[in-house]
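Chains as they are written, first to last, in this note's numbering: chain A, 1 to 496; chain B, 1 to 266.
Think of the hints as simulated: they come from the structure by calculation, not from any bench.
Please read these numbers as outputs of a predicted model, since none were measured by experiment.
One should not assume that every hint holds.
Said to hold, decoys possible - Here are the simulated DSBU-like pairs of lysine-lysine, each with C-alpha atoms no more than 30 angstroms apart in a straight line:
| hint | chain 1 | residue 1 | chain 2 | residue 2 |
| --- | --- | --- | --- | --- |
| 1 | A | 184 | A | 94 |
| 2 | B | 59 | B | 92 |
| 3 | B | 46 | A | 184 |
| 4 | B | 207 | B | 177 |
| 5 | A | 318 | A | 302 |
| 6 | B | 59 | B | 46 |
| 7 | B | 46 | B | 92 |
| 8 | A | 318 | A | 278 |
| 9 | A | 302 | A | 278 |
| 10 | B | 92 | A | 302 |
| 11 | B | 46 | A | 278 |
| 12 | B | 92 | A | 278 |
Here is what each chain is made of, one letter per residue.
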Amino acid sequence: MTQDAATTSETRNDTSSVSFEIPRTNRGTPARLVTIFGSLGPNGEKGVHYIFDVGDAGYREISLAGDDSLDSIALQAPAAAWSERELHDQYGVKLEGQPDARPLVFHDNWPDGFFPMLGELGEVPWAQRQYHFLQVQGEGVAEVAVGPVHAGIIEPGHFRFSVVGDTILHLELRHFYTHKGTEKLFEGISPLDGTMLAESVSGDNCFAHAVCYCQAVESAHGLDVPSRASALRLIGLELERLVCHISDIGGLCTDVGFGVAAAYATRIKESLLRASAKCCGTRYWRRIAIPGGLRFDFDSAKLAELGAAVASASRDFKEMARLVLETPSIQNRFEAAGILSQEAARDLAVVGPVARASGINLDVRRDHPYAHYGQHRIEVPVTHYGDVMARARIRIAEAEISTRLIGETVTTLTDGGVFTPLTLQGDAQGFAAVESPRGELCYWIEIRRHRITRCHVKSPSFQNWPAMPLAVEGNVIADFPLINKSFNLSYSGCDR
Amino acid sequence: MIGDVIGLSLRQPNHVVPVEVLLGNCDGSRMPLICSENLTPAVAQKIVEVCPTAALELKEYQGQRCLSLSYGRCTGCGRCIDVGGDVVVPAKHMPWRGVAREDITRYWNLDNGREIVGTPPSPAEARGQIHSLLRRALTIRQLDAGSCNGCEVEITALTNPYYDLERFGIHFVASPKHADMLLVTGPVTRNMAEAVQATYEAVPAPKLVVAVGACGCSGGIFRGSYAIVGAVDAVIPVDGYIPGCPPTPAMLLTGILEVLRRCTAK
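Chain A with its partners taken away, still in its complex shape (with noise of 0.2 angstroms):
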């Protein structure tokens, strides 16, 4: 039932030539690029970790050192790009022929040669660095400049738009405003108590965080969580895609000027956080995945309850995002915006909603399934369009989906226990990968004497981002609210 055992793993010490093949899946192709990052050896080494996805096989990890420098390997795989500068913005790793070596993470108040990662901190002094942006050149070429600080109750970015009259050229993002350092954060804590920070990378998807965090220390400690556990934690995964779903339908309604159906969906979003505060005192499952289980039991008579507000809930959603996409307005403004081609979608390695908008048949749950979803037949919508329209279409399919594995859960629910505790091993590493509302979210984890030294996350929107801007190129300024919303993507998830 555990996905965790299929990461298989090589290490390589030889220090002379670090570089290395990118793995190939059963099927021939070049194996999707999940995740790179570093970590420190108990005597301070540093090393580099690049996970992929090599299909049926599961995950595989390749390990190398990182205290020589290393070949990037961005221009094979043009996902590696943001990694790469995080790693040499946590770790100061070497990366040759890096094709952006720009810093990513820390912004011109920081020092250069700050790696918060390598040991203790002290006092970290205030400095004056200068970012360059990319210059578009011509005649007529006008840059505007949105953010950090955006108009409406929105997380906060910069964006840099190089246009010629209304059509955007080139977009370029500088984000990581909301960076806290969460990832330092874990280390030095107990496993038992991670859970919080994780429920706090990204707010609106903490179920998701919540869930993969504690699978990853479950898999390192080899602990399989009650089958009650891990049908409950299905019910507030797929809860919490179709609130996030529905609300990103709401959202791509007001930021056309469709105020009506904006309210409409805001009020049903609403009405399952209250049904879920009724069932677990909670409105977004917050502080209910532990490691090992649940911290309690559901009560049946209010699971049923639950159930059924889903039920209405998505009925009613389905009847508006119908009707919704009948409306020649709606078609006109979604359809052929913001266009993300699949060979981008797949250099970039995109995940979620998104990569399946764009032609790509990704997903967790059935291609490596955790939790309780090796149980149930998972259905993937994919569809080639890849603009918004696309985008939309997805999300209002997997709502259909998410309401049918809620229902048959609640009715098949088994009794039984919620929790196994769990006896915490000296040194352990584990690595689990969980389809949140935004796509395939990671958390790679290593224990040294009962405590975290390294907790790596891999967050949706981390790797989404990046593809934003080439979906808004040749597109007008205006529509540039309407295709990020269809986005979806979360700063803070992003930031850590």
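Chain A is already provided as a structure; the job is to place chain B on it using the hints.
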């Protein structure tokens, strides 16, 4: 078609939650309530030990040995409820006194369990005070200083048909230059510190600042991180605090109205 969507919407029953039900309600927030009549030094010791953010502490206060509970630090993890037996239970009504810094911390004498300083207002009392505000208008600019977006989703919920913030004459504006109040979430990150300062300066005086959530009030679980400058009041002056991780829409609304009441009564 547009007409069909409007028709669908019109067929819906009214979902607005009456103000009497909303004010002071904190259902779904997982905030703890101390039942001081059952409090013993042994239980106090036990719940202090399990608190991950030092919201619960044993300390000297006004010359007495006390259990203190800082709601500004509490993230609602529920561990004190798990080990506290009948001493700690989930709160249904906001268990703190108001929105001032000193209002969101409570102290109980360890020897006799008696509370030091006043107890929170009863829901009826709070309603009476707040009803006097209902003729006002307020514009709010929400500012994310580095939050996890948990507070944002709850602030967004304030505008849905259940809470319908506009019925109180309150609405969100896009520019700080149009705002009376800054609603600031998150610990202030080092990368955001300058933008937070600039946004504050862009709000015309007189201005109100409200720190939202455990992170906004105290830095929350990010306290001590290298990437954090501090809580909101480490960077700009704060007029009111709304605890919670995240605060529910009812808690946000109660807090916003209370800040308004305090500041207009001055």
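These are the hints, each one checked on the structure:
no.	hint	result
1	184(A) with 94(A)	20 angstroms, holds
2	59(B) with 92(B)	27 angstroms, holds
3	46(B) with 184(A)	28 angstroms, holds
4	207(B) with 177(B)	11 angstroms, holds
5	318(A) with 302(A)	24 angstroms, holds
6	59(B) with 46(B)	14 angstroms, holds
7	46(B) with 92(B)	23 angstroms, holds
8	318(A) with 278(A)	24 angstroms, holds
9	302(A) with 278(A)	8 angstroms, holds
10	92(B) with 302(A)	18 angstroms, holds
11	46(B) with 278(A)	29 angstroms, holds
12	92(B) with 278(A)	12 angstroms, holds
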